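There are 4 protein chains.
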Amino acid sequence: MAEFKIFSDPVHGFVSVAAGLLYDLIKAAEVQRLRRIRQLGVGYLVFPGAEHSRFGHALGAMALMRDALHQIKERGTPISEKEAEAAMAAALLHDVGHGPFSHTLEHDLIRGLRHEDMTRVIMARLNERVDGRLALSMSFFDDAAARPFFHQLISSQLDMDRLDYLRRDAFYTGVSEGVVGVNRIIKTMQVHPLEGGPDSRVVVQSKGAYAVEAFFIARRLMYWQVYLHEAVIAGDLLLRSAFRRARDLGDRVPDAASDLMFFLRNRIDRGQIEEPEVLDRYCRLDDSDVLFSLKEWYRGNDHILADLSRRFLDRDFLRVMFLDREPDPDTIARLERATLEWMANRGLLGADVRDEGTEYDYYTGFAHSSHSAYLREGPTIAILDKAGRLRELSDVADTSAIAALSEPVTKPYVFAPKEILALGM
Amino acid sequence: MAEFKIFSDPVHGFVSVAAGLLYDLIKAAEVQRLRRIRQLGVGYLVFPGAEHSRFGHALGAMALMRDALHQIKERGTPISEKEAEAAMAAALLHDVGHGPFSHTLEHDLIRGLRHEDMTRVIMARLNERVDGRLALSMSFFDDAAARPFFHQLISSQLDMDRLDYLRRDAFYTGVSEGVVGVNRIIKTMQVHPLEGGPDSRVVVQSKGAYAVEAFFIARRLMYWQVYLHEAVIAGDLLLRSAFRRARDLGDRVPDAASDLMFFLRNRIDRGQIEEPEVLDRYCRLDDSDVLFSLKEWYRGNDHILADLSRRFLDRDFLRVMFLDREPDPDTIARLERATLEWMANRGLLGADVRDEGTEYDYYTGFAHSSHSAYLREGPTIAILDKAGRLRELSDVADTSAIAALSEPVTKPYVFAPKEILALGM
Amino acid sequence: MAEFKIFSDPVHGFVSVAAGLLYDLIKAAEVQRLRRIRQLGVGYLVFPGAEHSRFGHALGAMALMRDALHQIKERGTPISEKEAEAAMAAALLHDVGHGPFSHTLEHDLIRGLRHEDMTRVIMARLNERVDGRLALSMSFFDDAAARPFFHQLISSQLDMDRLDYLRRDAFYTGVSEGVVGVNRIIKTMQVHPLEGGPDSRVVVQSKGAYAVEAFFIARRLMYWQVYLHEAVIAGDLLLRSAFRRARDLGDRVPDAASDLMFFLRNRIDRGQIEEPEVLDRYCRLDDSDVLFSLKEWYRGNDHILADLSRRFLDRDFLRVMFLDREPDPDTIARLERATLEWMANRGLLGADVRDEGTEYDYYTGFAHSSHSAYLREGPTIAILDKAGRLRELSDVADTSAIAALSEPVTKPYVFAPKEILALGM
Amino acid sequence: MAEFKIFSDPVHGFVSVAAGLLYDLIKAAEVQRLRRIRQLGVGYLVFPGAEHSRFGHALGAMALMRDALHQIKERGTPISEKEAEAAMAAALLHDVGHGPFSHTLEHDLIRGLRHEDMTRVIMARLNERVDGRLALSMSFFDDAAARPFFHQLISSQLDMDRLDYLRRDAFYTGVSEGVVGVNRIIKTMQVHPLEGGPDSRVVVQSKGAYAVEAFFIARRLMYWQVYLHEAVIAGDLLLRSAFRRARDLGDRVPDAASDLMFFLRNRIDRGQIEEPEVLDRYCRLDDSDVLFSLKEWYRGNDHILADLSRRFLDRDFLRVMFLDREPDPDTIARLERATLEWMANRGLLGADVRDEGTEYDYYTGFAHSSHSAYLREGPTIAILDKAGRLRELSDVADTSAIAALSEPVTKPYVFAPKEILALGM
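Protein chains in written order, with my numbering: chain F, 306 to 730; chain G, 306 to 730; chain R, 306 to 730; chain X, 306 to 730.
Quick caveat, the hints were computed from the structure, so don't treat them as lab data.
None of these values were measured; they are calculated from a predicted model.
One thing to keep in mind: the hints can contain errors.
Since the list gives no way to pick one copy over another, a pair counts as held whenever it fits inside one copy or between any two copies.
No more than 16 Å apart at the CA atoms, straight line, and that leaves these computed lysine to aspartate or glutamate pairs for EDC-like [claimed, not checked]:
no., residue 1, residue 2
1, Lys-691, Glu-535
2, Lys-310, Glu-579
3, Lys-378, Glu-390
4, Lys-387, Asp-574
5, Lys-378, Glu-335
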């Protein structure tokens with residue numbers, strides 16, 4: 306009789322994993338590391354319940370993959386044990402390349418990095434360790450397999466990653482608007498041949514069309530209420546300012562976690578991620594290096610870095626404010642001057658690592674957030690109607706609602722110290 | 306110390322009611338009757354969990370009213386004990402005028418009836434019984450009170466009725482897309498003065514704008530997934546066909562529940578609802594009269610009525626199918642002929658109460674469903690921004706999303722026996 | 306590709322049923338009738354959310370059966386498609402013999418009836434209709450099949466019936482203490498050979514022992530908080546008093562629902578349940594006959610029956626009060642006299658169908674409730690420990706806790722008009 | 306109008322905090338630090354969802370305190386604004402003295418420390434910072450206030466701490482058996498005078514007795530299923546072994562987080578916790594220091610410390626196994642020898658900081674877990690029956706059930722490497 310390991314997931318209930326490849330992967334240090342990386346980066350400072358890590362998400366995506374494959378099989382598409390295991394492994398590992406605080410520092414540690422690239426490198430390393438048993442999984446991940454629907458379940462607009470993270474993040478943040486009927490969507494999935502070819506794709510039966518629409522709506526609401534919440538952006542910017550300052554300080558940066566220092570002191574580029582030292586050090590990094598370093602820097606002798614670090618640790622954020630329109634250059638210049646004055650009053654100027662008068666950008670700036678919930682270009686969602694025809698989602702649901710979801714929404718914002726923004730823009 | 310009665314509501318938790326007016330009203334036969342009227346009419350035949358009655362909804366609306374008033378008071382608007390009690394009583398009684406199967410038979414029992422009219426008449430009767438203590442409540446219900454925000458909480462686009470029924474119906478149907486953050490919305494409500502006058506209205510703070518938008522989205526999804534679900538419409542039409550047949554049969558209708566027979570045999574008009582016999586009999590009617598009568602008719606000697614009754618009891622519905630466009634007259638004529646033939650084959654023709662060849666309309670017909678989630682005309686939702694300005698909801702949220710919600714969506718449909726529709730339209 | 310019908314169950318999520326035997330059974334009038342029979346009898350008058358019917362429970366038990374069989378199969382016990390279907394059919398039909406208001410009137414309509422007997426008769430009737438395809442199902446129900454574990458899943462201390470109803474009733478009543486980790490229990494089930502024979506039984510792995518213990522605890526709490534709640538007993542007794550009065554009136558009982566009158570006017574015995582007229586009429590009975598009849602009796606000319614009926618409809622119950630000990634004969638006599646006086650004051654005496662001075666027993670009486678959560682005699686729960694040995698549940702869990710659950714708890718109570726009990730016992 | 310800060314808590318919903326003392330305390334570095342201390346210590350390595358911190362629990366206990374005071378007031382006991390604020394502050398701060406990984410390291414950092422002592426010292430420090438506004442709060446915490454029921458709500462068998470953590474930990478672990486009807490319990494609380502004195506205490510109305518009993522049952526189940534789960538104990542022991550090794554190494558311990566090293570290198574005693582350096586350093590410590598240090602030690606040159614650290618980081622625990630009885634000395638000696646051999650085979654011996662042959666105790670040992678869910682000695686739970694009498698909980702509920710909960714359950718266990726235990730004891 307097979308041995309099983311059962312995980313109690315508060316979101317999906319019991320997740321059981323049989324002894325074998327999947328269980329071996331879960332035990333790998335690279336996957337265990339995900340327990341020490343917060344799923345929502347700085348989000349826990351805004352939504353106090355959202356302290357969950359990438360590890361639970363990885364298990365969840367794997368569990369949903371099993372459900373989806375089970376459903377697809379029941380609807381008549383044969384799937385072998387080996388394929389099922391490979392698809393589940395890909396779902397388990399899809400985020401293994403994330404670094405500390407997930408997306409926040411993605412570009413600050415390694416220039417131009419996309420975490421998917423790192424996932425690929427780490428999968429290759431794991432593949433060696435398991436004697437090539439991850440090869441099929443990697444071909445699914447890379448969309449290089451004969452049946453493209455496996456890739457679609459791993460990476461597309463309606464993949465197991467998204468189904469899990471929306472549901473999970475809504476659970477932990479307590480934002481009920483994000484609660485999605487994941488089970489309802491999966492129960493209406495099936496695989497359908499593509500016209501004019503041997504290939505096939507995952508489609509949704511028409512009875513699931515509203516559930517899919519609801520999923521994209523929930524996605525939009527979660528973006529604006531959680532992922533792009535003003536305070537979450539403020540936390541992101543604060544942490545990134547601290548890291549920029551640390552890098553700017555060069556040799557003068559107070560010593561902290563050594564693996565993190567390696568990435569701050571050397572300008573690693575995405576082309577180097579397969580170098581053993583880079584990869585080894587990256588695979589050791591987690592949130593604790595960042596938090597520990599901030600605590601060291603807080604007590605260090607650079608005033609700006611100490612201030613930024615303290616603000617993060619004590620959640621004394623700068624403010625982010627969405628604007629109705631892009632600010633004009635005069636407003637920007639005014640804000641920069643006000644910020645420099647504000648810094649001077651607090652003894653934050655005088656460090657010589659920057660050209661004098663440019664230090665404002667640790668504390669102020671303009672940018673914008675942008676999000677499209679549903680992309681009508683590229684691979685879209687296909688709905689299978691009762692007559693057996695495939696139709697694009699927006700042809701089935703209320704066109705105006707889907708159109709609204711497809712339109713990118715862009716919001717300019719300013720960030721700066723509270724005291725300055727309180728005076729009005 | 307005050308005496309309390311505590312109700313365990315699976316949706317909102319404990320609801321406690323102090324001895325006094327509210328508790329007396331709950332004990333009234335007119336309110337207890339709501340326990341025997343299904344909230345979703347025939348919806349329980351499509352969503353097996355949705356067997357809940359209007360009684361729980363009445364308690365729920367009352368409980369949310371208390372929460373909203375508590376919140377409004379905490380934000381600085383004084384509300385007296387008497388006003389709070391009156392507003393809660395109005396929320397409790399707002400649906401007391403509903404008849405059996407809620408909306409389904411609303412127009413079939415009394416010509417032109419709107420259940421709100423009946424609510425008003427029953428409130429007046431209860432008011433006599435409680436020595437006029439419902440007067441303030443009635444003025445809130447009729448928007449005749451000095452402070453209009455009370456009426457707004459009872460009847461508007463964001464009233465306690467809607468907040469409760471969406472949340473409640475999502476709970477019982479298991480349609481997670483309809484789960485709304487009711488608590489989130491109420492926590493951002495406050496009362497704000499109207500410009501140029503002594504009046505005031507309920508507004509929502511800008512941090513609640515997304516929750517309100519989510520509410521309208523959930524409303525739209527619940528309409529199309531539940532309230533206007535094809536099978537729910539099919540059930541509605543079947544029940545109404547049975548009642549039309551019963552009425553058409555005149556004296557030949559098999560005897561059934563006497564209070565129901567009164568409304569079938571006499572053509573009562575909405576102008577008569579204050580007549581004592583009409584009102585007495587109406588206040589005794591509930592779902593059990595309908596179900597009992599269908600069981601009698603099933604065994605009666607009119608084949609059409611027997612067939613329609615059996616179909617309802619055994620959930621052997623006719624089919625409703627949404628169409629892409631309005632059907633042309635030829636299609637309609639073809640369908641009517643096919644239906645007559647279908648009826649003839651089943652021995653359903655031959656009754657002489659109708660002109661021969663017109664009986665098809667018990668079994669087939671065309672109509673359309675229409676719904677607008679948010680009305681941008683009339684009283685809209687006002688959002689209070691951080692600068693203290695009032696803005697209409699669509700100015701604050703993504704305009705395109707709200708625009709999509711405001712557009713009425715209309716879906717033509719056909720209903721007919723399954724066997725006929727299976728041949729294609 | 307197989308056709309599926311999907312039900313949205315708020316408790317277990319989507320339940321899908323493939324076209325075939327199971328779906329045919331669900332469509333049968335006998336099963337659809339369960340939609341009109343409240344799961345908790347009069348419980349909805351105490352827990353306003355608990356208006357759910359036996360139909361949802363039947364679907365739920367069937368869904369859990371599928372989960373359990375899936376689990377058992379995965380743990381290495383082969384189960385054929387035919388066996389799985391038969392076990393699911395048995396779970397679906399296990400309560401099909403219930404009459405109106407479930408347990409309340411079980412003994413008042415047919416002398417000595419146990420609903421299981423009626424279930425057996427109705428299964429036999431359905432079996433004829435489906436050309437014998439229910440034979441295996443019936444053998445599981447009757448514990449006459451080769452592999453006894455199927456019967457165990459249908460009827461034992463840890464069967465799908467109990468797992469579903471506890472979870473479901475907790476959901477609808479809002480009593481969180483009754484929420485059971487059904488999924489957790491099922492995930493630890495497997496089939497284990499019985500010593501010294503070819504047979505096998507369902508056992509629970511030791512990691513599930515606490516979940517099973519929690520199930521029995523929840524069961525005990527649900528009994529005392531819901532099923533045997535004072536007000537629920539009061540409602541039961543009131544309804545049964547009305548029926549006793551109706552029967553006592555003989556020919557003088559006001560006319561009401563004819564199928565119900567049949568059982569009231571004729572003294573049907575459990576030996577007669579296979580007689581066609583008895584069975585036909587029983588299969589038409591549901592809650593609406595009872596409610597409709599109460600409304601007729603309320604307006605009838607027997608004062609006692611009218612009063613009892615009104616009290617039920619308006620939820621103006623008599624009171625039930627638990628006592629510390631059995632009352633002595635003097636107390637009983639005193640209460641009977643007080644009740645007669647109370648009745649006289651209300652004009653409830655004077656009817657001549659009873660010997661004068663004995664009418665008190667419609668309004669007062671003594672009895673006791675008794676419940677054992679876990680039976681340590683007869684077939685107990687077997688836990689499979691890590692070393693592969695079977696141990697009885699109480700050997701594994703804290704012995705004292707299980708001992709407490711096994712002890713029958715008995716509570717004597719009195720019921721009588723509130724006004725009398727308010728004077729003290 | 307007052308300013309409010311709203312927290313979204315996935316367990317209790319929105320928690321709003323008005324500007325003022327409470328909000329100032331939440332912003333304090335000492336309270337923000339709780340965001341970096343896992344509520345369940347190593348529990349997240351066994352229950353992957355249980356990654357929540359002490360911060361959410363602190364907010365939750367504060368929110369429940371508000372609900373309880375609201376309820377008590379409504380039942381007729383006057384509570385001033387000042388008292389309410391003080392009680393809520395005490396609930397917010399009750400755990401502020403916890404160190405990294407909560408209970409796990411409580412005794413390993415400071416000899417003899419109880420976290421309550423540290424809470425008291427930190428409250429005193431905060432009190433200075435807020436100009437004495439915490440004085441009343443401290444008197445509640447210390448049970449030194451005139452009305453003892455405030456202390457009872459902060460620290461007793463049914464305090465806000467326990468109500469919150471059970472509910473919260475059940476939510477995050479997904480262990481449904483622990484879900485408690487917190488709201489139900491609070492709604493039945495009131496304050497009742499103590500006989501023979503001016504004092505008063507919190508009591509529970511008899512209708513809440515089952516909910517309270519359910520709470521103690523849930524508590525027992527959570528202890529055995531979560532807090533004292535074999536793998537949780539294994540994780541605790543592993544972490545504590547690593548710390549013991551680090552301390553044993555003296556000067557030879559590889560450098561790591563400096564604040565942590567301070568406690569490892571100096572033998573701080575609970576008598577020293579008011580010394581400024583001790584307190585400053587303690588208030589900086591959090592889980593990241595521990596995780597960072599383990600990562601350093603993993604790469605350090607002590608084999609035992611490296612092995613223990615890696616095992617913790619990669620969740621490669623030693624095994625804990627509950628025993629039926631205490632082991633005899635021979636078994637113990639045999640296990641110690643086997644462990645030494647096991648260590649030798651893995652190159653873990655040879656370090657000279659311990660007497661040769663005693664190093665087994667990093668890897669093996671015997672101990673026992675013990676827990677009583679309800680204490681019938683000391684301050685018990687008082688139930689107010691309908692006649693106005695106070696009765697001890699076990700007099701009201703089923704005596705045998707409460708008796709079972711009161712009995713301490715003790716389980717001896719062994720811990721050792723898996724490979725050794727697999728050979729049997």
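Hints and how they fare:
Taking CA atoms no more than 16 Å apart as the test, Lys-691 paired with Glu-535 passes between copies only; the shortest distance there is 13 Å, against 44 Å inside one copy. Taking the shortest Cα distances, Lys-310 and Glu-579 never come within 16 Å of each other, neither inside one copy (33 Å) nor across copies (46 Å). In the homo-oligomer, the alpha carbons of Lys-378 and Glu-390 lie at most 16 Å apart inside one protomer (14 Å), although the nearest pairing across protomers, at 19 Å, exceeds that limit. Taking the closest pair of Cα atoms, Lys-387 and Asp-574 never come within 16 Å of each other, the shortest separation being 36 Å inside a single copy and 58 Å across copies.
In this homomeric assembly, Lys-378 and Glu-335 never come within 16 Å of each other (Cα to Cα): the closest approach is 31 Å inside a single copy and 33 Å across copies.
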